[in-house]
Each structure stands twice: as C-alpha cells, then as structure tokens.
Amino acid sequence: MTALIIDILLWGSLIGVSVIAWRQDKAVLGTALRNGGMDFINIVPRIALGVIGSGFIAAIIPSEVIVGGLGPDTGWLGVATAVVAGAATPGGPVVGFSIGAVALKSGGGTPQVVAYVVAWALFAFQRVILWEIPFMPARFVWFRCAVSVPFPFLAAAIVMVIGKP
Amino acid sequence: MSKLPKTEPPNDEEGAETVSRSKRKPFGWSTFIIAALVAISAALVWRRDGLDGVWTILSHDVSLFGEIMPRVLAGCLLGGLLAAVLPHDKVSRSLGPESGLKGLLIGTAFGAILPGGPFTAYPVASALLAVGADFGATIAMVVSWTLIGYGRAVAWEMPIMGADFTLWRIVISLPMPILAGALGRFVYVRVRNRFKL
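Just so you know, the protein sequences line up as chains A and B, in that order.
Each residue of the first sequence is one higher than the one before, counting from 1 in our numbering.
Each residue of the second sequence is one higher than the one before, counting from 1001 in our numbering.
Hints were generated in silico from the structure; no laboratory data involved.
No residue lacks a Cβ here, since even glycine has one placed at the ideal position from N, Cα and C.
Mixed in with the good hints, there may be bad ones.
Listing some non-contacts, in silico: residues in chain A with all C-beta distances to chain B over 12 angstroms [said to hold, decoys possible]:
id, residue
1, Ala-3
2, Glu-64
3, Val-65
4, Gly-71
5, Pro-72
6, Asp-73
7, Thr-74
8, Gly-75
9, Trp-76
10, Ala-80
11, Thr-81
12, Val-84
13, Gly-107
14, Pro-134
15, Ile-162
Computed from the model, here is a short list of chain A residues facing chain B with C-beta under 10 angstroms [stated by the list, open to error]:
id, residue
16, Gly-12
17, Ser-18
18, Asn-35
19, Phe-56
20, Ile-57
21, Ile-61
22, Val-118
23, Phe-135
Sample of chain A residues facing chain B (criterion: CB under 8 angstroms; computed from the structure) [claimed, not checked]:
id, residue
24, Val-17
25, Arg-46
26, Ala-155
Produce the entire structure from the sequences given, and follow the hints as far as they go.
Have a look at this one:
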C-alpha cells in the first residue's frame, strides 16, 4: 500500500514535470528525457550490484557485535561506537533498522540507538557509494558527509536531555 | 547540460562545474570495493548455508531489484527534467549562496515532501546543484530527505522500530537539516579554495 502511494506520487510528479517541460519547449523535453535515460543506463550496473549483493552482506554481518556495543552504560564512547557502526552497516533499511530494533529490545541505551539510526541514515557507506556518489558530484558527497558528522552526536545529546519517547 | 546559461557570478565555480554530468563511470574503485565485499559475503554464505542459502538470497534480491528498477528510471528522468525545467536565475536566488535561512528552509521542506527513495532524492538534488542551488541548501535538502522524509520512515522505520520511536526520532531530527545546511555554508566558504571544492 505504501509502495503504491509512493509509486503514484513518483510517476505523478514525473508526468507533471514532463507536461511543464513539454509546454515550455518540446526540444527541452526530448533532451531532458535523454539525459535522464543516460543517467539511468550508467547507474543500473551499480544499483544491480548494490541491491542484489546487499542480501549476502546482510546475511554475514555480525549484528550481535554491533548490538553489544550500544549498551546503556557506554556513555559517549558508546555513542561514538554507534556512529561508526551506523556508517559501517551494509545492506538496506531492513538491516539498519533491524539492528536498531534488536539493540533497543535487548536493553541498549536509547541515546546510543538513536545515534546509530541517525548516523546510518546520514552516512551509511553502502548508500553513499552505490547511490549518492553515482548521482551527485563526489566532492559534494564527501563534503556533505563531513558536515553531517556532528548530528548523530547532537541527536544523542538531545535524547540524554529530554529522555525516552 | 553544458548549454545552460551561466548566470552565476564568475567567482562561483559551483554551478559551472557540476553541470558536466558526463564524467560518471559506471564502475570505479568504490564499486570495486562493494563488488569485493559482495563476493566475499556470497562465498561465506555458500560455505555456511550451501548453494540453497545462496540461491534463496539471490532470488529474493533479484526480485527486489526488478521491483525498484522502474522507480530508479522514474527518479533519473525526474532529475533530468527538473534540471531542464527549473529556472536557473530563480533557483539561484531562492536556493543559492545568498538565499539565507529562507533557502535552507526551502531545501528542508523540499527534501521532506519529496516522494520516493534514494532513486529520486539524489538525482533531484543533483539537478538542483546544476541549476544554481548552493552546497548549503542542497545539504539541507538531502539531510531533510534522509532524516525527516516520510518515505523511508513509513515504509521501513515504523514497521521495524515502531511508530513511537520513529515519530520521536523525527521530532529530534527536525532542526538538523537547517543546522547541517548552515554548517555546510559556513564551512564551504572557508575551505572551498583550500580543497578546490
């Protein structure tokens, strides 16, 4: 159901922008679609590798090691561990969130788990390498990742102040 | 892409450079690292679970790949169209280096409402950069998409982490796209020459 709504929004936006381009200039529409199509062709091998390969990576990562590092008494060292673990977690959203959920259920510290989830969202290496760099200028991507580093720590600090949900 | 009118001031190298999109290679060193990681992981799965284990994972992932392919195509086309349709001068004004807090807020709002996953967020962000948005506003957009965008939250985070955790995590994250964009701008003007950004 969610996937259907996302598809409708996505293709709806695409049709909407196509109509705008077509009304502006028909040649623009052709060129833009060709550029987008070329991007697609260039990106498919990497996406194939990432999507088809991530299941294998997810199957062998030692998630219990990550979960063990996120205990409630680990303090800021635990938060730092969580940030590194979030960046290093391979695989898609199922892997990242499942590790977070297991950590939370098995008594992990909330600031550490939040830092883990936020770090994973901001700069999980597999998403950066397989999605962000192919689409965007590499210097932008590295700069964005560097600038994002303080934010998992900030999230953990906010949690330490305001407490659990 | 190189035919875009260059309306940015001469000292702003950002737009001019990002316009060249043809440099991308399908395979580079980073892809090679992932490929090696996948190969090692597949070998370990094969040793542990045998051929059946490898086959189960492979068939699941191939069907997932088939499912998202049309969305990747839609995202790429959307990025290409936006780069062509968005008016360069207006984007530079509302999302450029001089756009101030308003530019960061627009970037944040745009990232939060953008439909789809990485297959839309990155092509669209790349299109914005190409038509005159600065690093700060684009960072706000990407960070907003990943931290407060509803796509991944609804599809993955809520079912796995629970609604309470997800909503609470999003509330905590609300200021972050703007802060990240502001930090990006602050740092960018200071290091752009040193690191040839």
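Results for each hint:
1. Look at Ala-3(A): its CB is around 7 angstroms from the nearest CB on chain B, not clear of 12 angstroms, so calling it non-interface is violated.
2. With 12 angstroms as the threshold on Cβ separation, the claim that Glu-64(A) sits away from chain B holds: the shortest Cβ distance comes to roughly 16 angstroms.
3. Every CB of chain B lies more than 12 angstroms from the CB of Val-65(A), the least distance being 15 angstroms, so the non-interface label holds.
4. Listed as outside the interface, Gly-71(A) is consistent with that label: its C-beta sits roughly 18 angstroms from the nearest C-beta of chain B, beyond the 12 angstroms cut-off.
5. Separation of Pro-72(A) from chain B is adequate, the least Cβ-Cβ distance of about 16 angstroms exceeding the 12 angstroms criterion.
6. No beta-carbon of chain B comes within 12 angstroms of the beta-carbon of Asp-73(A); the shortest separation is about 21 angstroms.
7. For Thr-74(A), the condition that its CB be more than 12 angstroms from all CB atoms of chain B holds, with the nearest at approximately 19 angstroms.
8. Listed as outside the interface, Gly-75(A) is consistent with that label: its C-beta sits roughly 19 angstroms from the nearest C-beta of chain B, beyond the 12 angstroms cut-off.
9. Every CB of chain B is more than 12 angstroms from the CB of Trp-76(A) (nearest about 17 angstroms), matching its label as outside the interface.
10. The Cβ of Ala-80(A) lies farther than 12 angstroms from every Cβ of chain B, with a closest approach of about 18 angstroms, so its non-interface assignment holds.
11. At the 12 angstroms boundary, the C-beta of Thr-81(A) stays outside the reach of chain B, the nearest C-beta of that chain being 19 angstroms off.
12. For Val-84(A), the shortest C-beta to C-beta distance to chain B comes to about 17 angstroms, beyond the 12 angstroms cut-off, and the non-interface label holds.
13. The Cβ of Gly-107(A) lies farther than 12 angstroms from every Cβ of chain B, with a closest approach of about 15 angstroms, so its non-interface assignment holds.
14. Non-interface call for Pro-134(A) relative to chain B: violated, since the shortest CB-CB distance, roughly 6 angstroms, does not exceed 12 angstroms.
15. Listed as outside the interface, Ile-162(A) is inconsistent with that label: its C-beta sits roughly 8 angstroms from the nearest C-beta of chain B, within the 12 angstroms cut-off.
16. A cut of 10 angstroms between beta carbons decides the hint on Gly-12(A): the least distance to chain B is about 8 angstroms, and the hint holds.
17. Restraint check, Ser-18(A) versus chain B: the minimum CB separation of about 6 angstroms is within 10 angstroms; hint holds.
18. The criterion of a C-beta within 10 angstroms of any C-beta in chain B is met by Asn-35(A), whose closest approach is roughly 4 angstroms, and the hint holds.
19. Because the beta carbon of Phe-56(A) sits about 4 angstroms from the nearest beta carbon in chain B, less than 10 angstroms, this interface hint is met.
20. With a cut of 10 angstroms, the hint placing Ile-57(A) at the interface with chain B holds, because the nearest CB-to-CB distance is about 5 angstroms.
21. The restraint placing Ile-61(A) at the interface with chain B holds, with a minimum CB-CB distance near 8 angstroms, inside the 10 angstroms limit.
22. Interface restraint check: Val-118(A) against chain B, minimum CB-CB distance 7 angstroms, threshold 10 angstroms, status holds.
23. For the restraint placing Phe-135(A) at the interface with chain B, the shortest Cβ-Cβ distance is roughly 4 angstroms, inside the 10 angstroms limit, so the hint holds.
24. At its closest, the beta carbon of Val-17(A) sits 4 angstroms from a beta carbon of chain B; the interface hint therefore holds under the 8 angstroms criterion.
25. For Arg-46(A), the interface hint holds, the least distance from its beta-carbon to any beta-carbon of chain B being 6 angstroms, beneath 8 angstroms.
26. For Ala-155(A), the shortest C-beta to C-beta distance to chain B is roughly 5 angstroms, which falls under 8 angstroms, so the interface hint holds.
Checked against the numbered hints above, the structure violates hints 1, 14 and 15; every other hint is satisfied.
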